[in-house]
Amino acid sequence: MLKIKDLRVSINNKEILKGISLNVNKGEVHAIMGPNGSGKSTLASVLAGRDIYEITAGTVEYNGKDLLDQAPDVRAKEGIFLGFQYPVEIPGVNMMTFMRTAVNEIRTHRGLEPLSAKAFLALSEERKTLVEIGSRFDGRSVNEGFSGGEKKRNEIYQMAMLEPTLAILDETDSGLDIDALKVVANGVNKLRKPENATIVITHYQRLLDFIIPDFVHVLYNGKIVKSGGKELALELEIRGYDWIKKEQGEN
Amino acid sequence: MAEGENRKLLDEITQSDYKYGFETNIETEFAPFGLTEDTVRYISAKKNEPEFMLEFRLKAYQRWKQMKLPNWAHLTIPEINFEEISFYAAPIQKKAPGSLDEIDPELRSTFNKLGISLEEQMRLSGIAVDAVMDSVSVKTTFTDTLAKHGIIFCSMSEAIQHHPDLIKKYLASVVPVSDNYYAALNSAVFSDGSFAYIPKGVRCPMELSTYFRINAKNSGQFERTLIVADEGSYVSYLEGCTAPMRDENQLHAAVVEIVALENAEVKYSTVQNWYPGDKQGKGGIYNFVTKRGICKGNNSKISWTQVETGSAITWKYPGVLLRGDNSVGEFYSVAVTNNHQQADTGSKMIHIGKNTKSTIISKGISAGFSNNSYRGLVKVMKNAENARNYTQCDSLLMGEKCGAHTFPYIEVDNVSAIVEHEATTSKISEDQLFYCLQRGIDTEKAVGLIVNGYAREVLSKLPMEFAVEAQKLLAISLEGSVG
Ligand SMILES: Nc1ncnc2c1ncn2[C@@H]1O[C@H](COP(=O)(O)OP(=O)(O)OP(=O)(O)O)[C@@H](O)[C@H]1O
Ligand SMILES: [Mg+2]
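Protein chains in written order, with the working numbering: chain A, 1 to 251; chain B, 1 to 483.
Just so you know, the hints here were simulated from the structure itself, not pulled from any lab data.
Small disclaimer: the values here were computed from a predicted structure and weren't measured.
All residues carry an ideal CB built from backbone N, CA and C; glycine is no exception.
Don't take every hint at face value.
[As the list claims (entries may be wrong)] Selected chain A positions facing chain B (Cβ under 7 Å, derived; list incomplete):
| id | residue |
| --- | --- |
| 1 | A48 |
| 2 | G64 |
| 3 | L68 |
| 4 | P72 |
| 5 | A76 |
| 6 | K77 |
| 7 | E78 |
| 8 | V88 |
| 9 | G92 |
| 10 | R107 |
| 11 | T108 |
| 12 | G111 |
| 13 | D242 |
Isolated chain A, as found in the complex (with noise of 0.2 Å):
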């Protein structure tokens, strides 16, 4: 499904991502741990099409097309989905009207009608079912005022409306406390499904308690310096990233 080859990308000049491969297929959950400023959020949004950066070098393919070709409206479109680390506030705008807007754009793009209103409501409450928000974002602009933790079921919330082939979550589990962690993976759980991926960004081995992952992979300084099973995330958590990075200095 997605396919990333020799990436490098700068910002100002600066060199980020250093050289990323990875491979990802239906039906696989991959997981990036890394230490702050490995680049974890810089991939996330190259790969949604933020154009900030300065893509230097390599390939990403995506559904056999060229991923990196495509504006970011058209990624989104395309089956992308980036839970934002920091979700932004839109004040003014209804949360309800912006999700309604995205969700018959999508359905637009892949053929279908547009939901009626009523129709959009009726999937609306059956999915924000999935977080446990019940109505507590109706009426209220999109993030404005929300807590960090309403924020991130909030992107939860979204991921399920537009049922998206690819999810970048980044740094979800972040800001949760223990019982919302459980309320968002078992929301990503039972949205996962044979023809879809994700990929989750985290700095804990708990959410990976919850959503298991096929793959762990561990960003540094912009490479994937290590990947390994689900068993490797436990290690990080064990050992933290010291003998990585000391392994990576002997390098």
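Based on the hints, put chain B with the ligands in the right spot on chain A.
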């Protein structure tokens, strides 16, 4: 805002450009070009006016001749050649239409195309309309229904004929003839407009509205509107306007006066969408308007809401004279300028009575090469104990070549007054835009959403039908200004 409407609106954003730029082919009668005393007499005679009106006009004309064009606004106004303007243009109808069938089909279809129904179906909302094309009122709907409540709603010309006492009493009582250059000009040559009188204790059962359409070439539109709300009455009034796309500029100099007596409340909403000119700044309407209300009685309230998206140049400062004790004045405005448009707009709140309160919320949005200025005056007079004003004035800049300016004037002559002023300038944030894009919403629609969010506080003051229209307009006027 209902989701359905919002959605529909967003679908329509993809349509581009000025939708109302068509021209109606109808035989039109013009006054000879230029402005002399004879022109004033010509107009008055055309309208078969009583002597007092002719006198009123001639006096105004004499004043106007002595006045100079104002130049204090932050605007670049090309010289207007009054010799090349016809001050009166009327679509020719065989006789004054009594019923709908007698209205020229061309006119009817024009208003239909504009989405204004001259048919009195209570469909949708049942808004009473006074439809004005160029210098004359074409048709006023629901007059009979309203008459049952004692409400007078008719064209200004009819009011002059049938309600001369009210006209004598209130016309120019809020905006004196010599108030300013354009007000004097309007007083001399105004041709039509709307008149509404709401009697004591009556809550007007439907929205009243005037729809102004400029059609004829080389003409100016000078309409005059007067609304009188008697004690304890309430009315909500809407005003809309459009004009064909033309290469030359056209002048629109209106005067609107509102009188609110004791315990009365008037809400006046405008969606101004005159032709703004093309992307290079050619053509468009010069919109020089004087709008003022007086809260004459105690506990009265006047509220102006405006969404300004059109016109090449806009110059207007709807204000309220807060004469009655405990009276309230409000001004909510969204002004959008794009391409080469210029706007200098804001409000004047004059606190005269005790415990008077005013609120000014102004949201400017500038894009392209445009210039958008807020200009406001808050004045607290000596005897205005405990006056309160809150002014908030926000500017949103889209792009690097446009300008936003704020000129707040505050004059306080009473120490008990509390006057607050807040101002912000912002840009559409890349983060917000990217967040929308990442959800599959393209740039145009995202800008539409974000801008409507920014203006929500003002849009929410508009009556429903108008709010939908206004949201569409905001998005359309800003098309192509980002990305
Ligand atoms: N807009 C920017 N301008 C300059 N430097 C940037 C910018 N965005 C990211 N960087 C730098 O790129 C590096 C990688 O940042 P990134 O946000 O991708 O890290 P991360 O792995 O997600 O970290 P964290 O775990 O703290 O979220 C950091 O050194 C950061 O300062
Ligand atoms: Mg990060």
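Going through the hints against the structure:
Because the beta carbon of A48 of chain A sits about 5 Å from the nearest beta carbon in chain B, less than 7 Å, this interface hint is met. Given hint, G64 of chain A at the interface with chain B, is violated; its Cβ is 20 Å from that chain's nearest Cβ, farther than 7 Å. Checking L68 of chain A against chain B: minimum C-beta separation of about 15 Å lies over 7 Å; hint violated. Interface hint at P72 of chain A: satisfied, since its Cβ lies 4 Å from the closest Cβ of chain B, which is below the 7 Å cut-off.
Look at A76 of chain A: its Cβ gets to within about 4 Å of chain B, closer than 7 Å, so that hint holds up. Among the interface hints, the one on K77 of chain A holds; its C-beta lies about 5 Å from the nearest C-beta in chain B, closer than the 7 Å criterion. Annotation: E78 of chain A was flagged as interfacial toward chain B, and the flag is violated, the nearest CB pair being 9 Å apart, outside 7 Å. Against a cut-off of 7 Å between C-beta atoms, the interface hint on V88 of chain A holds, since the closest Cβ of chain B lies about 4 Å away.
Annotation: G92 of chain A was flagged as interfacial toward chain B, and the flag holds, the nearest CB pair being 3 Å apart, inside 7 Å. The closest approach between the C-beta of R107 of chain A and any C-beta of chain B is roughly 9 Å, which is over the 7 Å cut-off, so the hint fails. Checking T108 of chain A against chain B by beta carbon gives a least distance of about 9 Å; that is not within 7 Å, so the hint is violated. Annotation: interface hint on G111 of chain A violated; nearest CB of chain B at approximately 14 Å, more than 7 Å.
With a cut of 7 Å, the hint placing D242 of chain A at the interface with chain B is violated, because the nearest CB-to-CB distance is about 34 Å.
Violation of the numbered hints given earlier is confined to hints 2, 3, 7, 10, 11, 12 and 13; the remaining hints are satisfied by the structure.
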